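A.B. asks: Protein chains in written order, with the numbering used here: chain A, 1 to 111; chain B, 1 to 114.
Where hints are given, some of them may not hold.
Calculated pairs, DSBU-like style, for lysine-lysine (alpha carbon to alpha carbon, straight line, at most 35 Å) [unchecked claim]:
no., chain 1, residue 1, chain 2, residue 2
1, B, Lys70, A, Lys56
2, B, Lys57, A, Lys37
3, B, Lys57, A, Lys56
4, A, Lys5, A, Lys56
5, A, Lys71, B, Lys70
6, A, Lys56, A, Lys37
7, A, Lys37, B, Lys9
8, B, Lys14, A, Lys54
Simulated DEER-style distance windows between Cβ atoms [what the hints assert, rightly or not]:
no., chain 1, residue 1, chain 2, residue 2, range
9, B, Ser84, A, Ser52, 30 to 36 Å
10, A, Thr95, B, Lys14, 38 to 44 Å
11, A, Ser28, B, Ala56, 30 to 36 Å
12, B, Gly63, A, Glu15, 43 to 49 Å
Hints in this document: simulated from the structure, not taken from any laboratory. This structure is a prediction, so every number in the text was calculated from the model and none was measured. From the three backbone atoms N, C-alpha and C, an ideal C-beta is built for every residue, glycine too.
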Amino acid sequence: DQQVKQNSPSLSVQEGRISILNCDYTNSMFDYFLWYKKYPAEGPTFLISISSIKDKNEDGRFTVFLNKSAKHLSLHIVPSQPGDSAVYFCAARETGNQFYFGTGTSLTVIP
Amino acid sequence: NAGVTQTPKFRVLKTGQSMTLLCAQDMNHEYMYWYRQDPGMGLRLIHYSVGEGTTAKGEVPDGYNVSRLKKQNFLLGLESAAPSQTSVYFCASGRPRRGWTEAFFGQGTRLTVV
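With the hints as extra help, turn the sequences into a complete structure.
C.D. replies: Following this line, the structure appears as structure tokens:
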């Protein structure tokens, strides 16, 4: 049973608007959460992280929000750019080395 | 800087054949990982290593073996390939951050077992 879920396989957004990608998890012991971005024919690359002791982390156009009571994570991209078109994976870790990944959301930013 | 390099990029195997996937990193990272990605599933950890000479099982280790004889290389072996092992395999090396480890991924190996 998947501990990390991304229920939206795809999302389309107009250039300049906000993209919101969502992620839900079941394990309340997760202590770090990450977002990775993946272009076709490439491996995933790290985008942004958040610790379970925080509820927000911002890096330029990217902001991750964590709602522990709802076991929900979201990534906001503002403003969205065509180069943001990629598959986005959320990942979560219980203390140790193993991260559990979601199934990914394919974001298309329309010029 | 090449980062993480996986060899080969594509491979077709017949059921029962064996093969080894090679992962090489030039970032001097202690941690290395092998993941598989299947449709409708997230990346799932097969095996990982926290340093030269060490290996550990991940979430889906059955049917695979690994070796980390040199710090820069992490090998994934399939002794007797099965169609269920058709997947895209990603290797990663890990850089310690404050409290967690950032993974740097290779480009992936697309393996088809017929």
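A.B. asks: Now tell me if each hint is right for this structure.
C.D. replies: Results for each hint:
1. Lys70/B to Lys56/A: violated, 39 Å
2. Lys57/B to Lys37/A: Holds: Lys57/B and Lys37/A sit about 25 Å apart, inside 35 Å.
3. Lys57/B to Lys56/A: holds, 33 Å
4. Lys5/A to Lys56/A: Roughly 20 Å between the alpha carbons, so the hint for Lys5/A and Lys56/A holds.
5. Lys71/A to Lys70/B: Since the Cα atoms of Lys71/A and Lys70/B sit roughly 40 Å apart, the hinted pair is violated (cutoff 35 Å).
6. Lys56/A to Lys37/A: Holds - the C-alpha atoms of Lys37/A and Lys56/A are around 19 Å apart, at most 35 Å.
7. Lys37/A to Lys9/B: holds, 20 Å
8. Lys14/B to Lys54/A: Roughly 49 Å separates the two Cα atoms, so the pair is violated.
9. Ser84/B to Ser52/A: 30 to 36 Å: holds, 34 Å
10. Thr95/A to Lys14/B: 38 to 44 Å: holds, 42 Å
11. Ser28/A to Ala56/B: 30 to 36 Å: violated, 24 Å
12. Gly63/B to Glu15/A: 43 to 49 Å: holds, 44 Å
Figure legend: structure checked against the earlier numbered hints; hints not met, in rising order: 1, 5, 8, 11.
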